[in-house]
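Student: What follows is the residue order along each chain.
Protein chains: 2
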Amino acid sequence: MTLMRDEIREQPQALERALKEGLPLIRNIARRINAFQPDLVFIAARGTSDNAATYARYLFEAFTGLPVSLAAPSLFTLYHRPPNLKKALVIGVSQSGGGEDIVAVIKEGRKQGAMTLALTNNPESALAQAAADVIPLNVGPELSVAATKTYTGELGLLALLAAELSDDNGLRLGLERLPSSIDKALQLEDGLKHLANQELYKNARHCLTLGRGYNFPTALEVALKLKETSYIFAAPYSTADFLHGPFALAEQSLPAILIGANGPAIPGLLDLAKKLTAEGVELLCIGDDDGLLKMATSRESAFRLDLSGISEALSPIVSVVPGQLFAMHLALARGFNPDKPRGLQKVTSTK
Amino acid sequence: MTLMRDEIREQPQALERALKEGLPLIRNIARRINAFQPDLVFIAARGTSDNAATYARYLFEAFTGLPVSLAAPSLFTLYHRPPNLKKALVIGVSQSGGGEDIVAVIKEGRKQGAMTLALTNNPESALAQAAADVIPLNVGPELSVAATKTYTGELGLLALLAAELSDDNGLRLGLERLPSSIDKALQLEDGLKHLANQELYKNARHCLTLGRGYNFPTALEVALKLKETSYIFAAPYSTADFLHGPFALAEQSLPAILIGANGPAIPGLLDLAKKLTAEGVELLCIGDDDGLLKMATSRESAFRLDLSGISEALSPIVSVVPGQLFAMHLALARGFNPDKPRGLQKVTSTK
Numbered sequence: 065m066t067l068m069r070d071e072i073r074e075q076p077q078a079l080e081r082a083l084k085e086g087l088p089l090i091r092n093i094a095r096r097i098n099a100f101q102p103d104l105v106f107i108a109a110r111g112t113s114d115n116a117a118t119y120a121r122y123l124f125e126a127f128t129g130l131p132v133s134l135a136a137p138s139l140f141t142l143y144h145r146p147p148n149l150k151k152a153l154v155i156g157v158s159q160s161g162g163g164e165d166i167v168a169v170i171k172e173g174r175k176q177g178a179m180t181l182a183l184t185n186n187p188e189s190a191l192a193q194a195a196a197d198v199i200p201l202n203v204g205p206e207l208s209v210a211a212t213k214t215y216t217g218e219l220g221l222l223a224l225l226a227a228e229l230s231d232d233n234g235l236r237l238g239l240e241r242l243p244s245s246i247d248k249a250l251q252l253e254d255g256l257k258h259l260a261n262q263e264l265y266k267n268a269r270h271c272l273t274l275g276r277g278y279n280f281p282t283a284l285e286v287a288l289k290l291k292e293t294s295y296i297f298a299a300p301y302s303t304a305d306f307l308h309g310p311f312a313l314a315e316q317s318l319p320a321i322l323i324g325a326n327g328p329a330i331p332g333l334l335d336l337a338k339k340l341t342a343e344g345v346e347l348l349c350i351g352d353d354d355g356l357l358k359m360a361t362s363r364e365s366a367f368r369l370d371l372s373g374i375s376e377a378l379s380p381i382v383s384v385v386p387g388q389l390f391a392m393h394l395a396l397a398r399g400f401n402p403d404k405p406r407g408l409q410k411v412t413s414t415k
Numbered sequence: 065m066t067l068m069r070d071e072i073r074e075q076p077q078a079l080e081r082a083l084k085e086g087l088p089l090i091r092n093i094a095r096r097i098n099a100f101q102p103d104l105v106f107i108a109a110r111g112t113s114d115n116a117a118t119y120a121r122y123l124f125e126a127f128t129g130l131p132v133s134l135a136a137p138s139l140f141t142l143y144h145r146p147p148n149l150k151k152a153l154v155i156g157v158s159q160s161g162g163g164e165d166i167v168a169v170i171k172e173g174r175k176q177g178a179m180t181l182a183l184t185n186n187p188e189s190a191l192a193q194a195a196a197d198v199i200p201l202n203v204g205p206e207l208s209v210a211a212t213k214t215y216t217g218e219l220g221l222l223a224l225l226a227a228e229l230s231d232d233n234g235l236r237l238g239l240e241r242l243p244s245s246i247d248k249a250l251q252l253e254d255g256l257k258h259l260a261n262q263e264l265y266k267n268a269r270h271c272l273t274l275g276r277g278y279n280f281p282t283a284l285e286v287a288l289k290l291k292e293t294s295y296i297f298a299a300p301y302s303t304a305d306f307l308h309g310p311f312a313l314a315e316q317s318l319p320a321i322l323i324g325a326n327g328p329a330i331p332g333l334l335d336l337a338k339k340l341t342a343e344g345v346e347l348l349c350i351g352d353d354d355g356l357l358k359m360a361t362s363r364e365s366a367f368r369l370d371l372s373g374i375s376e377a378l379s380p381i382v383s384v385v386p387g388q389l390f391a392m393h394l395a396l397a398r399g400f401n402p403d404k405p406r407g408l409q410k411v412t413s414t415k
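If you're matching them up, the sequences are chains A and B in order.
Residue 205 in this note's numbering sits at position 141 of the first sequence; the count goes up by one each step and never skips.
Residue 237 in this note's numbering sits at position 173 of the second sequence; the count goes up by one each step and never skips.
Hints are computed from structural coordinates only; laboratory data are not their basis.
Take the hints with a grain of salt, since some may be wrong.
Copies of the same chain look alike in the list, so a pair counts if it fits in one copy or across any two.
List of simulated lysine-lysine pairs, BS3-like, C-alpha gap at most 27 Å [what the hints assert, rightly or not]:
(1) LYS358 x LYS415
(2) LYS339 x LYS175
(3) LYS266 x LYS151
(4) LYS84 x LYS248
(5) LYS151 x LYS415
(6) LYS404 x LYS339
(7) LYS404 x LYS338
(8) LYS175 x LYS151
(9) LYS358 x LYS151
(10) LYS415 x LYS171
(11) LYS339 x LYS410
(12) LYS150 x LYS84
(13) LYS175 x LYS410
(14) LYS151 x LYS171
(15) LYS338 x LYS410
(16) LYS358 x LYS339
(17) LYS338 x LYS415
Let the hints inform the model, and build the full structure from the sequences given.
Tutor: Structure (structure tokens):
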């Protein structure tokens, strides 16, 4: 039907391969990172990869204790006033590996003596050449402009790196369960397609996407997919940030996508779901928590994930999948080609 | 007319007082920070204050060389897995000082041995009590729900701290020029009010706000004001990030607010302005660069700032002002009360 759909559906196999092929390399790199004893993880990325970097931010701080900073590349490329990265682990994340600004951050880090690492689907790219170490995504070529399997691949390999750095067996075991959990999430497609063809969603010009903690990056990534493929002004927020001003956007018949997995973020999601329902907002809920799924406006707008054996920390690698499918079907319902969004190319390089 | 307007118009005097009263205290704190030799600045904030934190991110990295990380409070409050902050300067920024999550970050930092600092308009607040050092904003009570003078106050005092930490006389001299520059920006009000009453803006349900580098936080803050007061889905982006996907949103008659000051961010803004114009996007430009102002769709939508003696690094303290006025007049034009946005209270505490 579309390349985007093919690539969404390849994710269980692509991720399984990426994790398997990445393991020995990542184990080796993790050992050297621990020997280097960085005092900071500094990650540079754009677009979908930046959402993966935001995920890594939560994961690395929680599992390694290292503070994480997400780079502002303009300080490197425009102002030539980069921060001190001598004792940092500097990671560049890019599907294409072609972004000039991401390469500049890696080069500066390396010049200063940082440990540098590229995570890219193109091991021949400028980014791969600039970094001392390279983790190839190994998810196969991605042809659709809207990135999907490279996103889950990036998340999976960053989680594998966190597991190896922290020697966390819970993460390791959870990673093994991901492909079959994604496979089950793919089976939600018919329901998502049905919903995308309802007038409320088909005609929406704006919406909210909401998550907290580990699934805040999922809200960011689902919003980006909706923007890229369906030209919807999707406003992504952590449920906490949303209460500091943007809540004023809540109104009758506004669609909101709430994403969460069993864990400490759920109570805040439920509270917000109640407040939004009181304003007449239409809730589409994605997750494995009964309470959250019950908050969906109708049974048709509740999408249950099977996250057995997968902790909340790894749930974003599954919970994004219904959002990818929904964005794709919404584009088709609106008469757009999700493989070729207007105004975009597959490789974008900014300075 | 409105409290928000009064508070916007108070900004020259409020900032002047804040800087004057803050100087001896901030000089003393800066000396102790330099003696402490932090290896990281870690800033926690929400809403408008989080946009001030994003500004501080650019300023501190550029002027002190210290890497900056913007906190993910859920790691403290929900997951109880905070990062290592032993050698960090931990700053909490909050108008009210009442946010439970921001207090939790400060407390954890202090427990770990970090240097802790609260920047708040309420020196009796929980945040002020939690931190070892407090910088009071001293901008007077802010009564409008939409924060304005506390934002420019936060920016000014964070810039003063950067100036003292880096002993940078350019910043110090520029800070003295800010009140008169803001005063001149306030004179743009009639033109902004006129534009806000035009059908294109009055009826807009969504728009873009765009800036790069130092003025990326300005794009964030103007978007937040538009959301809070006028319920517009304003999508804020750095001009670089905008090209990585969100450019697909560009279409005929979409309003976009471009903000920039003379400096290395301008060429990228101009390139993007051309691309947006080719798609039929309506450009409202704010800044002091002739080229940028010429890109405005009409002469009526070009708003010239007087930034003489003020470097790009300090320009956000002025360039936000037309955005504040525009958001307020847009709310009035649409029949909303900007002082009392629907669903919001002045003090928001999240966990």
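Student: So which of the earlier hints does this model not fit?
Tutor: Hint check: 2, 3, 9, 12 and 13 fail, others pass.
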